[in-house]
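Engineer: For chain A, the structure is supplied; the task is to place chain B on it using the hints.
If you're matching them up, the sequences are chains A and B in order.
Using our numbering, read the first sequence as starting at 1 and increasing by one per residue.
Using our numbering, read the second sequence as starting at 1 and increasing by one per residue.
Hints in this document: simulated from the structure, not taken from any laboratory.
All values derive from a computational prediction rather than experimental measurement.
Please note: incorrect hints may appear among the correct ones.
It does not matter which identical chain is used: a pair holds within one copy or between any two.
[Claimed, not checked] Lysine to any residue pairs mimicking SDA-like chemistry, simulated, CA-CA at most 25 Å apart:
(1) Lys141 <-> Ser151
(2) Lys148 <-> His51
(3) Lys141 <-> Ser242
(4) Lys73 <-> Val207
(5) Lys73 <-> His51
(6) Lys73 <-> Thr46
(7) Lys73 <-> Gln173
(8) Lys73 <-> Arg41
(9) Lys73 <-> Pro235
(10) Lys141 <-> Ser228
(11) Lys73 <-> Ile233
(12) Lys148 <-> Ala175
(13) Lys148 <-> Ala243
(14) Lys148 <-> Asp138
(15) Lys73 <-> Arg122
(16) Lys141 <-> Trp4
(17) Lys148 <-> Ala104
(18) Lys141 <-> His236
(19) Lys141 <-> Arg189
(20) Lys148 <-> Pro200
(21) Lys148 <-> Gln188
(22) Lys141 <-> Glu211
(23) Lys141 <-> Ile233
(24) Lys148 <-> Ser53
Protein chains: 2
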Amino acid sequence: MSGWLVVAGLGPGAQTLVTPEVTAVLAQATDVVGYIPYVARVASRTGLTLHPSDNRVEMDRAQHALQMAAQGKRVVVVSSGDPGVFAMASAIFEALETFPEYLALDIRILPGITAMLAAAARAGAPLGHDFCAINLSDNLKPFATVEKRVSLAAQGDFAMAFYNPRSASRPHQFARVLEILRDHCEPQRLITFARAVSTPEEALNTVTLAEAVPDMADMRTVVIVGNSQTRRIGPHIYTPRSAL
Amino acid sequence: MSGWLVVAGLGPGAQTLVTPEVTAVLAQATDVVGYIPYVARVASRTGLTLHPSDNRVEMDRAQHALQMAAQGKRVVVVSSGDPGVFAMASAIFEALETFPEYLALDIRILPGITAMLAAAARAGAPLGHDFCAINLSDNLKPFATVEKRVSLAAQGDFAMAFYNPRSASRPHQFARVLEILRDHCEPQRLITFARAVSTPEEALNTVTLAEAVPDMADMRTVVIVGNSQTRRIGPHIYTPRSAL
Numbered sequence: 001m002s003g004w005l006v007v008a009g010l011g012p013g014a015q016t017l018v019t020p021e022v023t024a025v026l027a028q029a030t031d032v033v034g035y036i037p038y039v040a041r042v043a044s045r046t047g048l049t050l051h052p053s054d055n056r057v058e059m060d061r062a063q064h065a066l067q068m069a070a071q072g073k074r075v076v077v078v079s080s081g082d083p084g085v086f087a088m089a090s091a092i093f094e095a096l097e098t099f100p101e102y103l104a105l106d107i108r109i110l111p112g113i114t115a116m117l118a119a120a121a122r123a124g125a126p127l128g129h130d131f132c133a134i135n136l137s138d139n140l141k142p143f144a145t146v147e148k149r150v151s152l153a154a155q156g157d158f159a160m161a162f163y164n165p166r167s168a169s170r171p172h173q174f175a176r177v178l179e180i181l182r183d184h185c186e187p188q189r190l191i192t193f194a195r196a197v198s199t200p201e202e203a204l205n206t207v208t209l210a211e212a213v214p215d216m217a218d219m220r221t222v223v224i225v226g227n228s229q230t231r232r233i234g235p236h237i238y239t240p241r242s243a244l
Numbered sequence: 001m002s003g004w005l006v007v008a009g010l011g012p013g014a015q016t017l018v019t020p021e022v023t024a025v026l027a028q029a030t031d032v033v034g035y036i037p038y039v040a041r042v043a044s045r046t047g048l049t050l051h052p053s054d055n056r057v058e059m060d061r062a063q064h065a066l067q068m069a070a071q072g073k074r075v076v077v078v079s080s081g082d083p084g085v086f087a088m089a090s091a092i093f094e095a096l097e098t099f100p101e102y103l104a105l106d107i108r109i110l111p112g113i114t115a116m117l118a119a120a121a122r123a124g125a126p127l128g129h130d131f132c133a134i135n136l137s138d139n140l141k142p143f144a145t146v147e148k149r150v151s152l153a154a155q156g157d158f159a160m161a162f163y164n165p166r167s168a169s170r171p172h173q174f175a176r177v178l179e180i181l182r183d184h185c186e187p188q189r190l191i192t193f194a195r196a197v198s199t200p201e202e203a204l205n206t207v208t209l210a211e212a213v214p215d216m217a218d219m220r221t222v223v224i225v226g227n228s229q230t231r232r233i234g235p236h237i238y239t240p241r242s243a244l
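So here's chain A without its partners, still in its complex pose (with noise of 0.2 Å):
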C-alpha cells in the first residue's frame, strides 16, 4: 500500500501565500478533495482527478479520502487557510476514529497562513501580544460555551480573533458577542472586520467597540478584537509586545 493521505493549507486566497510544500505535494496527488471553492484553487491536470464537495459534509468528505489513500491513491484534501485551524485535519481524524482500520495510513498535515495572521498582517500586529482564536459558530458546540469562552479571554485582556462570525443561519449571535465585549471592554476598544484577506475581494475596516455592529461581519470575514493597549499609529493597527 503505497497511497498517502495530506491535509494541507492553501492559505487565505493568494497563490503567493501557498507554501512551496503545499505546492510540492499537489504536484504529487492522484486525487484532491475538498469544498467547492477550495477545490477550484488547484490547477487541473492529467493524472490528477479532483473532488469537490458541498460544506457541511465534512464526514463523508474525509471517510472518502481515508478510502482513496487505502486503496494506494496520494490524496490531498485541502483546506483554505491553516488545515489545523477550524479546518479539516480534525475532520480527518474525527473519520479516523470511526474507521480504524484506515488507522496504518500515512497521514500527514501541512501548515498554511491561517486567515487570522494573513488579516493581521494586512492591518498591522493586533495579536502582537497574547490572544485567543475562538469559532463563533454553535454547528458543533454550545453557544453558552462560546458565550463563557468570550467572557474569559477579555477578563485576561487577551487580543482575539473570531472565525466564522456570522452567518444567515445565524444572524443574531455576533450582535449577542459584541454585547458581552461591552460588558467587559472600553468604548474605544479597536475591532478590525477583515474580509477575503488576499483576494480580489479583499476589504479592511477598523472601528471601535462602541461603533462595531453585526453587519460589519459575514462568513468570509474574521473579526480581530484588540487587547486594552491596541492602539493605532498612522494606518497601522497593532498591539504592544508589553503589557501591565
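Structural biologist: For chain B alone, kept in the frame of chain A given last:
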C-alpha cells in the same frame, strides 16, 4: 523617497515553509535586518547588505530599519515564524511611535507560518478547536499576568500554545505554569513539547500533564496543551471540532 520597509515571516525553519511572497520581497531588498540566526537564513547576493544583530535589541534594530527605509533603501526585517506573533512587527510599530518622522513610510507586514501551527501540524491537530497563544516570558509583562491568563484559558477549556516557555534566566516559571494547569486540568491532559519544528533538530514529545516536567521545554520549544477533549488516535494528537 522610494524606500520601503517590509517585516517578513520566514516560517519555523524549513525553506519549503517560506511563502513565495516573502521570497519575492527578499529578491527586491537592498538591506535585510534581524536577529543573527534569522538573517543567516537569507542567501547573500550582490546588492544585498545583511545586518544581523543580537537578541534583545529589537528597538535599536527597528529604528535602524526605519532610518534606512527613509534613506530610500528597500529594507526587509526578518522574523522567524510569523512577524505578528511575538516577533518584530509590533517592535517596528513601537519604534514608529517614538520616531513619528517615519510615519509616511511604506510599511508592510508579510505573514509566515508561526511555530505553533507548524508544531500542531506535525503532531496532528491539537489546536483544532478554540485556543490561546501565550508568551510565557515576563521580559515585557508581569509574571502575574501570565499566571492569570493561563488560569483563565484553562477555565475556558481552551487549547493553548506557549511561546518562550523557558530560558536559562527564567528556569522556575514554567514549573509554576504547570502547577496552574494542574489546579484546573485532569492529570491525563495531553501536552506536546515541539522543539525546532521543520529543522534538523526537530523533536516532538507528547506526555500527560501528570508526566510533564519543566526540563522538557527550552527556548526553542513551543508547548501545546490540549483541551479536555484532546486525544490520541494512533500516532496523532488531535482536538475534535466539537465541544461540550
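Engineer: Hints first: check each against the structure and report whether it holds.
Structural biologist: We went through each hint and held it up to the structure:
Taking the shortest alpha-carbon separations for Lys141 and Ser151, both the intra-copy value of 16 Å and the inter-copy value of 22 Å come in at or below 25 Å. In this homomeric assembly, Lys148 and His51 never come within 25 Å of each other (Cα to Cα): the closest approach is 38 Å inside a single copy and 46 Å across copies. In the homo-oligomer, the alpha carbons of Lys141 and Ser242 lie at most 25 Å apart only across protomers (5 Å), although the nearest pairing inside one protomer, at 34 Å, exceeds that limit. Taking CA atoms no more than 25 Å apart as the test, Lys73 paired with Val207 passes in neither setting, with 48 Å inside one copy and 33 Å between copies.
When the C-alpha separation of Lys73 and His51 is checked against a cutoff of 25 Å, the pair qualifies only within one copy, where the shortest distance is 13 Å, while the shortest distance between copies is 47 Å. Taking the shortest alpha-carbon separations for Lys73 and Thr46, only the intra-copy value of 15 Å comes in at or below 25 Å, while the best inter-copy value is 45 Å. Taking the closest pair of Cα atoms, Lys73 and Gln173 never come within 25 Å of each other, the shortest separation being 42 Å inside a single copy and 48 Å across copies. Within a single copy, Lys73 and Arg41 get their C-alpha atoms as close as 20 Å, which meets the 25 Å cut-off; across copies the closest is 36 Å, which misses it.
Proximity of Lys73 and Pro235 under a CA criterion of 25 Å is satisfied inter-copy only: 21 Å between copies versus 49 Å inside one chain copy. In this assembly of identical chains, the alpha carbons of Lys141 and Ser228 lie at most 25 Å apart only when taken from different copies (14 Å versus 28 Å within one copy). In the homo-oligomer, the alpha carbons of Lys73 and Ile233 lie at most 25 Å apart only across protomers (22 Å), although the nearest pairing inside one protomer, at 51 Å, exceeds that limit. In this assembly of identical chains, Lys148 and Ala175 lie within 25 Å of each other by CA distance solely inside one copy; the values are 15 Å within and 28 Å between copies.
In this homomeric assembly, Lys148 and Ala243 come within 25 Å of each other (Cα to Cα) both inside a single copy, at 23 Å, and across copies, at 12 Å. Taking the closest pair of Cα atoms, Lys148 and Asp138 come within 25 Å of each other only inside a single copy of the chain (13 Å); across copies the shortest separation is 27 Å, beyond that limit. Taking the shortest Cα distances, Lys73 and Arg122 sit within 25 Å of each other only across copies (22 Å), while inside one copy they are farther apart (38 Å). For a Cα distance limit of 25 Å, the shortest separation of Lys141 from Trp4 qualifies neither inside one copy, at 31 Å, nor across copies, at 45 Å.
When the C-alpha separation of Lys148 and Ala104 is checked against a cutoff of 25 Å, the pair qualifies neither within a copy, at 38 Å, nor between copies, at 42 Å. In this assembly of identical chains, the alpha carbons of Lys141 and His236 lie at most 25 Å apart only when taken from different copies (23 Å versus 35 Å within one copy). Taking the shortest Cα distances, Lys141 and Arg189 sit within 25 Å of each other only across copies (20 Å), while inside one copy they are farther apart (27 Å). Proximity of Lys148 and Pro200 under a CA criterion of 25 Å is satisfied in neither setting, with 35 Å inside one chain copy and 41 Å between copies.
For a Cα distance limit of 25 Å, the shortest separation of Lys148 from Gln188 qualifies both inside one copy, at 22 Å, and across copies, at 24 Å. Taking identical chains as interchangeable, the C-alpha atoms of Lys141 and Glu211 are never at most 25 Å apart, the minima being 29 Å within one chain and 30 Å between chains. Taking the shortest Cα distances, Lys141 and Ile233 sit within 25 Å of each other only across copies (22 Å), while inside one copy they are farther apart (38 Å). Taking the shortest alpha-carbon separations for Lys148 and Ser53, neither the intra-copy value of 33 Å nor the inter-copy value of 43 Å comes in at or below 25 Å.
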